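Residue 49 in numbering that gives the first Met the number 0 is what sits at position 50 of the sequence shown, and the numbering runs on without skipping anything.
The set of hints was computed from the structure by calculation and includes no laboratory data.
Computed from a prediction, not measured in an experiment: that's the story for all the values here.
We put the beta carbon where it would ideally sit given N, CA and C, even for glycine.
Fair warning: there could be bad hints in the mix.
Unchecked claim - No farther apart than 25 Å at their CA atoms in a straight line, the calculated lysine to any residue pairs in the SDA-like style are these:
| hint | residue 1 | residue 2 |
| --- | --- | --- |
| 1 | K208 | C130 |
| 2 | K49 | D250 |
| 3 | K149 | K228 |
| 4 | K185 | L157 |
| 5 | K123 | E36 |
| 6 | K114 | M72 |
| 7 | K125 | S38 |
| 8 | K49 | S126 |
| 9 | K228 | I62 |
| 10 | K123 | D181 |
| 11 | K143 | D181 |
| 12 | K156 | R109 |
| 13 | K156 | D214 |
| 14 | K149 | E110 |
| 15 | K102 | K125 |
| 16 | K123 | I176 |
| 17 | K76 | F101 |
| 18 | K143 | S96 |
| 19 | K185 | E335 |
| 20 | K338 | G240 |
| 21 | K125 | Q193 |
| 22 | K185 | S38 |
| 23 | K76 | M66 |
| 24 | K273 | E287 |
| 25 | K149 | M66 |
| 26 | K156 | D326 |
| 27 | K123 | G135 |
| 28 | K125 | T271 |
To be verified - Here are the in silico distance ranges between beta carbons for each label pair:
| hint | residue 1 | residue 2 | range |
| --- | --- | --- | --- |
| 29 | A54 | N151 | 52 to 62 Å |
| 30 | R100 | E277 | 27 to 37 Å |
| 31 | T74 | G262 | 13 to 23 Å |
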Amino acid sequence: MSLLQLSESLDSLKNYMETLGLNPPETDLTVCFLGGELSTLNYDYLCKAKYLVEASMKAFSSIVLGMQTNLIMSTGKLDLIYELFDGNIGTSIDNFSDARRFKGSANLYRETFHKNLNHISETKGKSLGACYVVSGESITYAEKEISLAKKNGYPIKLIVARQNYKGESSFQFDTDIDALTDMYIKTLNDWFMQSQVAIDPLLYMLNRKLSQLGDRTQGCFESCNFTNKCHTQGVSIEPNGDFYFCQELADLKVLKLGNLISGDLDNLPITTAKLREENIAVTCSACEHFVSCKGGCMAYSVDLGRGFSNKDPYCSLYYRIFSRIDDLIREHGLNEVLKWRNAL
């Protein structure tokens, strides 16, 4: 996408936001540059792209811009990108398999990755948050990745791979759900009130529960992927200008909202998302965890062939986690849990 096309896309995006009734002065905005390895782009282009976004979205109450990177670059380029995004960069990890390679070598990938990770720690005194994609194969290493995150003091977010994930491996729902549930519950038990490292989505799920008990320090927010309001949460913009509610739906190529470069907009996805909101409010409202879960992720439902209006197929997993969080809050007491959470 050229800078001119980006500028045109941002104008179209503001028009789209108006159709939703969004009020920028009352809205906080987060923008993440991701996809492929963006650090390979010209640094001048990244600077100008960031400036265009900031200038176009200046009416918002606040705006935070960040970038996701695999850290496969020179330390000099890393320093520039770190400063450009005010340290708001994250990464994804794979410390134990050979799925990721640099110049054909898994060892070279890991060496370069950890060299840059250590560089940030030594020169900035900071640790980068990391995502770990849990698939039928990578679940074998999940406990090791979590232990490494705790040891080195960096936040980690676990993301379940879609069944139609086009990477090295996928998550097969029918055969792997029990193992996934066991792993999450064990991780929760080992982490809660013991670790000083943030682990998501467990921390987010805890915050949802705490907000219902009167805590407002983290805000009573609702966001991906525990929402039945996909149409109000955000968008994912592709290089060709196509845009969707999220990156997952973009990867699945469903519910395309239109094209921001041409200015075309399709209202059908918005109508579909609103119908899901209404349906989830009926089918899930009797659940004790509905206020926290909101029916989960529409993209996961679509991925498993369950349609646009159904709840997240990982409902049983979320139910177990939310129930266990309730038990742990009662066991340790709200005030002690808040003290621990606030120290993360």
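Each hint tested on the structure:
1. K208 with C130: It holds: about 23 Å lies between the C-alpha atoms, which stays within 25 Å.
2. K49 with D250: Since the Cα atoms of K49 and D250 sit roughly 24 Å apart, the hinted pair holds (cutoff 25 Å).
3. K149 with K228: Given that 25 Å is the threshold and the Cα spacing comes to 33 Å, the pair is violated.
4. K185 with L157: Roughly 14 Å separates the two Cα atoms, so the pair holds.
5. K123 with E36: 22 Å, holds
6. K114 with M72: Distance ~10 Å between K114 and M72 Cα, so the pair holds.
7. K125 with S38: Holds - the C-alpha atoms of S38 and K125 are around 19 Å apart, at most 25 Å.
8. K49 with S126: 23 Å, holds
9. K228 with I62: Since the Cα atoms of K228 and I62 sit roughly 21 Å apart, the hinted pair holds (cutoff 25 Å).
10. K123 with D181: Distance of about 37 Å is beyond 25 Å: violated.
11. K143 with D181: 15 Å, holds
12. K156 with R109: 19 Å, holds
13. K156 with D214: Holds, at roughly 23 Å.
14. K149 with E110: Answer holds: K149 to E110 is near 20 Å, not above 25 Å.
15. K102 with K125: 28 Å, violated
16. K123 with I176: 40 Å, violated
17. K76 with F101: 17 Å, holds
18. K143 with S96: 11 Å, holds
19. K185 with E335: Since the Cα atoms of K185 and E335 sit roughly 21 Å apart, the hinted pair holds (cutoff 25 Å).
20. K338 with G240: 45 Å, violated
21. K125 with Q193: 22 Å, holds
22. K185 with S38: Violated - the C-alpha atoms of S38 and K185 are around 36 Å apart, more than 25 Å.
23. K76 with M66: 14 Å, holds
24. K273 with E287: Cα-Cα ~22 Å, so holds.
25. K149 with M66: 23 Å, holds
26. K156 with D326: 23 Å, holds
27. K123 with G135: Judged against 25 Å, a Cα distance of about 36 Å means the pair is violated.
28. K125 with T271: 42 Å, violated
29. A54 with N151: 52 to 62 Å: Violated - the Cβ-Cβ distance for A54 and N151, about 37 Å, lies outside 52 to 62 Å.
30. R100 with E277: 27 to 37 Å: Violated: the Cβ-Cβ distance is about 46 Å, outside 27 to 37 Å.
31. T74 with G262: 13 to 23 Å: 41 Å, violated
Of the hints listed earlier, those the structure fails to meet are numbers 3, 10, 15, 16, 20, 22, 27, 28, 29, 30 and 31, in rising order.
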